[in-house]
Amino acid sequence: MNRIGNGGSKNAEPAARPATGPREPAGVPLVQIQDLTKRFDGVTAVDCVSLDILRGELFAILGSSGCGKTTLLRLLAGFEQPTSGTILIDGVDMTQVPPYERPVNLMFQSYALFPHMTVAQNVAYGLKKERLPAARIKERVAEMLALVKLEALAARKPDKLSGGEKQRVALARALIKRPKLLLLDEPLAALDKKLREHTQFELANLQYQLGTTFVVVTHDQDEAMTLASRIAVMEQGRIAQVGTPGEVYEFPANRFVADFVGDINLIDGRVAGAGAGRLSLRCETLGAELTALSDEAVANDTAICVAVRPEKITISRQPPDATDRNVLKGVVLDLGYFGDQSLYRVRLPSGAVLQVISQNLRRSASLTVEWDDEVYLSWDVASTILLRE
Amino acid sequence: MRRRPLGLLTIVAFGYAFLYVPILSVVIYSFNDSRLVTLWGGFSLRWYAHLLADDELLEAAFLSLRIAAVSATVATSLGALVALALHRLTRLRGRLLLSGMITAPLVMPEIITGLSLLFLFISMAEWIGWPATRGATTITIAHITFSMAYVVVVVRSRLAGMDESLEEAAMDLGGRPLTVFFDITVPMLLPALVSGWLLAFTLSLDDLVISSFVSGPGATTLPMLIFAKVRLGVTPDINAIATIIIALVIAGVVTAALLSGRRERATVR
Amino acid sequence: MSEDTTTRGGDPRRWLSRAVTLPYVWLLLFFLAPFLIILKISFAEPIVAQPPFTPLLEWGERGFEGLRTTFENYAFLFQDGYYGIIYLASLKMAAIGTLLCLLLGYPMAYFIARQPSRRRQVLLLAVILPFWISFLLRVYAWIGLLNNRGVINNVLMSLGVIDEPLTMLYNDFAVYIGIVYSYLPFMILPLYANLERLDVDLLDAAADLGAKRWQAFLDVTLPLSMPGIVGGCLLVFIPAVGEFTIPALLGGADTLMIGRVLWDEFFVSRDWPVASAVSIVLVLLLVAPIMWFQHVQSREQEAGR
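Chains as they are written, first to last, in this note's numbering: chain A, 13 to 401; chain B, 181 to 449; chain C, 14 to 318.
Here chain A stands alone, though its shape is the one from the complex:
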C-alpha cells in the first residue's frame, strides 16, 4: 500500500497473514446493531447506526475524534444505555444487559490495570468473578500468560511494567474469559512506532489463532487498514461506509470517505455526456474534460465530485499513450523525494494543483523529473472515482 509518510518503513513480509473475511461461511452475524442511537444532553453521539459484525472477523471502526466511535464501543460493552435501537449478540438482545453479564470484553485505551493487584491477579480477576475453582483458575492464568509471553512477570505490579507489557496484560485479562466479542479501544495509540508495527502483527496473529471476533476502534487509518478484514468509517455519529480495506480505499462511497482514507485529488465536475459505459465530465477547475467508467447513465449537467488517487497517476516528460486514459499537462510545482517513492505537486494551466505519487522504479541518484519541468499526467479511466456528496 503506498502511503505518503510511510515510505520505506515497511517491515519484512507480514508473517502468517490472516485470512480476510468471515471464518464461517453462513449463519447469523455475531453482532447485529440495529438503528442504534445515543443522545447526550442534546448532542447525538451515535445516529441511527446499523451494522453487522461477522463471527471470527477482525473489524475496525475508523473515525476522527468526536465521530462517535468510542460511544459506539461503550454501547457494545454495556457502559452506556442507548437512547433507542437494539444490540443483538449471537441472536440475543443484549441492549438492556449490564456489562458484567455480556459475553463481551473491553481492552481499555489506558489499559485500566488494577494497581493493587499483580499481573497474575489482574488476569485472574475475570475468572474469579465467574467463580471457577482456584486450581482451574491457576491453570488458565498460566496458559494465558504463556500465550502473551508474560510468565516471567506474573508477580509484578502494573506500575513496574512497560507500555507494551501493560498492553499484553490487559489483553490477557480480557481474553482469558473467552469472550464472544473482544473490543479494543485505540490499542496501538499509546505505543511508540517500532512497538506499534510489531504489535499490529501480533494482534492480527492472535486473533487468527483464537478465532475470537475483534472490534478495534481507532483514528489511525494505517492501523485500521492493516489489521482489519472489514472497516466501518464513521463520521458525526453515522456510518459513512462499511467494506474491506480495499473496497473502502478504492471504491469510497462518498466524498468524506474518499478524503478521510488516504490521500486523494478531489475535483468538482459536471456531466457533459454519457455513452458506452462511460461518462464525460467537464471540470472547470482543471480546464479539461475527464472520462470515467460508469454503469448508470447520469443526466447531463449533474454535479459530480470526481476523484483520483495520487498513486494511480503516471507522471512523464513525454506525452503518454492516450488510449483509455485521461491526460493532462502541467508544471511541477513541488517535489518530495522519499527514497522509494516521490511525491509531486503539479500545477495545471487552470491553476489547479494535482498530487501524484510515483514509485522510483529506476535506480538513479538524480531526479528524472525536477522542479518547473513540464510534465504529462495520465491515468486509466477506470481509476477515475465518481462520488456523490
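Calculated pairs, SDA-like style, for lysine to any residue (alpha carbon to alpha carbon, straight line, at most 20 Å):
| # | chain 1 | residue 1 | chain 2 | residue 2 |
| --- | --- | --- | --- | --- |
| 1 | A | K178 | A | R152 |
| 2 | A | K161 | A | K172 |
| 3 | A | K324 | A | R357 |
| 4 | A | K172 | A | L162 |
| 5 | A | K172 | B | M368 |
| 6 | A | K169 | B | S440 |
| 7 | C | K53 | B | M304 |
| 8 | B | K409 | C | L262 |
| 9 | A | K169 | B | L439 |
| 10 | B | K409 | C | D277 |
| 11 | C | K225 | B | L186 |
| 12 | C | K105 | C | L115 |
| 13 | A | K341 | A | R294 |
| 14 | C | K53 | B | S303 |
| 15 | B | K409 | C | A266 |
| 16 | A | K169 | B | E344 |
| 17 | C | K105 | C | Y189 |
| 18 | A | K172 | B | G341 |
| 19 | A | K178 | B | M368 |
| 20 | A | K141 | B | L358 |
| 21 | A | K169 | B | P371 |
| 22 | A | K169 | B | G341 |
| 23 | A | K169 | B | M368 |
| 24 | A | K324 | A | G258 |
| 25 | A | K178 | B | E344 |
| 26 | A | K169 | A | Q121 |
| 27 | A | K324 | A | A364 |
| 28 | A | K172 | B | S440 |
| 29 | C | K53 | B | I302 |
| 30 | C | K53 | B | A305 |
| 31 | C | K53 | B | E306 |
| 32 | B | K409 | C | G265 |
Partial pick of chain A residues on the chain B-facing surface, computed with a CB cut under 7 Å:
| # | residue |
| --- | --- |
| 33 | F91 |
| 34 | Y112 |
| 35 | N117 |
| 36 | L118 |
| 37 | S122 |
| 38 | K141 |
Simulated from the structure, these hints should not be mistaken for laboratory data. The C-beta atom is built at its ideal place from N, Cα and C for all residues, glycine as well.
Use these hints to put chains B and C onto chain A, whose structure you have.
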C-alpha cells in the same frame, strides 16, 4: 536558581523553631520536679504518677477516646459517600446545597457550630423527647457533623487522582457493582479513608468548644477537663498529659512513615 | 429507553445517589437546621424558664395565635456600640493574625515546594505534626513560655538583654502569637498545594527574557499562587474571627473577641436570645468570605485534577 537565599532559609528555620519550641518546652517541663516553670527542680516523674492516680482525668480520657473512635468511623463512612457522590454524580439533585453544607464546617467558627447544635438538641428534646439528656451521644453527633467535612476534602483529593476506567474494567470482567466497590474502589481509596479517619479522630479528641456546648452532666471530655484546670494557671500534670500525647502522635506518625516506606521497597523487589 | 442519559454504568450510580441521602439528611438535620433554630431564637425574648426563651409560635385555647417575635435583641446589639466595637476588633485581630500567618507561612511553603521529593515529604510532615497534637495543649504551652516568669523572659533576663520581664501574656500580642501558631499549618497546606504545581520552566522563561530573580517572583510566582494565598487566608481568617480558645487562654481582660463574648453571653449571662442574635450577625458577616472560600476551593479542586 541554584543559590539558596539565606533570608529564605532563616525564615524557614525560624518557622520550624516557632512550631516546635513550645512543644519542646512542655515536654521538658513535664519532667521538672518543681511546680514552677521558672525553676528547674530536677528530673522527676512525679507528675506522671500524679496522672495515673487521677481518676477524673483517666475517665475523661477514656470518654474522649470512645467518642473519637465512634465519631471518626461514622464520619469517615458518611464523608466517603459524600465525596464519591460529589465526584461521580454530576447531576446530583441538590448538589449545590450539599457542596455548601460540606464546605462550610471547615471554616465555621466552632462557637457558632456548638451553640447552634445545643439549641437543636434542646428543641428536639422539647418536640420529640429525644435527646433526654445531653452527653456522650450528643457530643458524638456533633463531632461526626463537623468531621465529615474534613473527610470529604481528603477523600475527594484522592478521587481526583483515580482512574475511573478501573471500575469499568472490573465490571466488564464480570464484577457486579457491589463487588466492584469492594474489590476496586475501597482498596484504592484506602489510604485516603485511613487518613480521613485519623484526621476525624484527632479533631474529635481535641475538640473543646463544641463539646462544652453540647455536653451534659457527667460527660466531661479530656479537653474540657484540661481547659478547666488550665484556666487556673499552669499545672504541671497538664505538661505530663501533653508529653504523653506528643509521644503517641510521634510514634504513630513514624510508624506510618516506616510502613509506607517498607511497602514501597517491597514492590521494587 | 434509558432514564438518565448521563449515567455511566447505570446501577452503581443509582445506588450511590440513593445512599448519599443518608449523609445529606444528616447534614440538613445537624448542620442546616440548627442555624434556622438559632435564627428563630434570636427573635425571642429571654424569660426565666427552661429553656430560657419564649417559644416562636403562640398556642392559645383556640390553637395557633400568631408569631411572637421581637427585634429587641438585634436592636440591643446595634444600639449599644459595644458590640459593634467587638465585631470590628475581632475582624481586625483575625485580619492581622492572618497577615502574620501569611508572612511566615508563604516563605515556608515556597521553600518546601522547591525541595526534592524525599525531603519535601519530611518537611511537610514536620509542619503537619504539631497539628496532630492537641490544639488546646499547644496554646497552653505558650502560657508557660510567655509568662512574666516564663521561659522566654527567663532566658532574656539571664542573657542580660532585658531587666524587667516583658509583658507578653494576657494581651493582644499573645493572641496574635496564638493565632499564627495554631493556624500556620492551615495556611501552609493550601499554599504548598498550589506552589507545588508551579512549572519551574516559567521562571526560567522569565529569566531568559530578562527578569531578575525578584522580578520573576513578583511577575510569575506571586500571581500564579494567588488562589493558594486566597484559600489559605480564608481558611485562617474565617475561623479566627470567631476564635474562643486562644483569647480565653492567652488574651487579657481587654482583648475583645466576639467568640469570648458569645461564650460569656451564653454561659454567664444566660441570655440565649442575645447570644443567638450575636451568632446570626457573626454568620452574616462571614457569609461573603465563606462563599468566596467555597468558590476558591472548588476551583482548586478542578485545577488539581
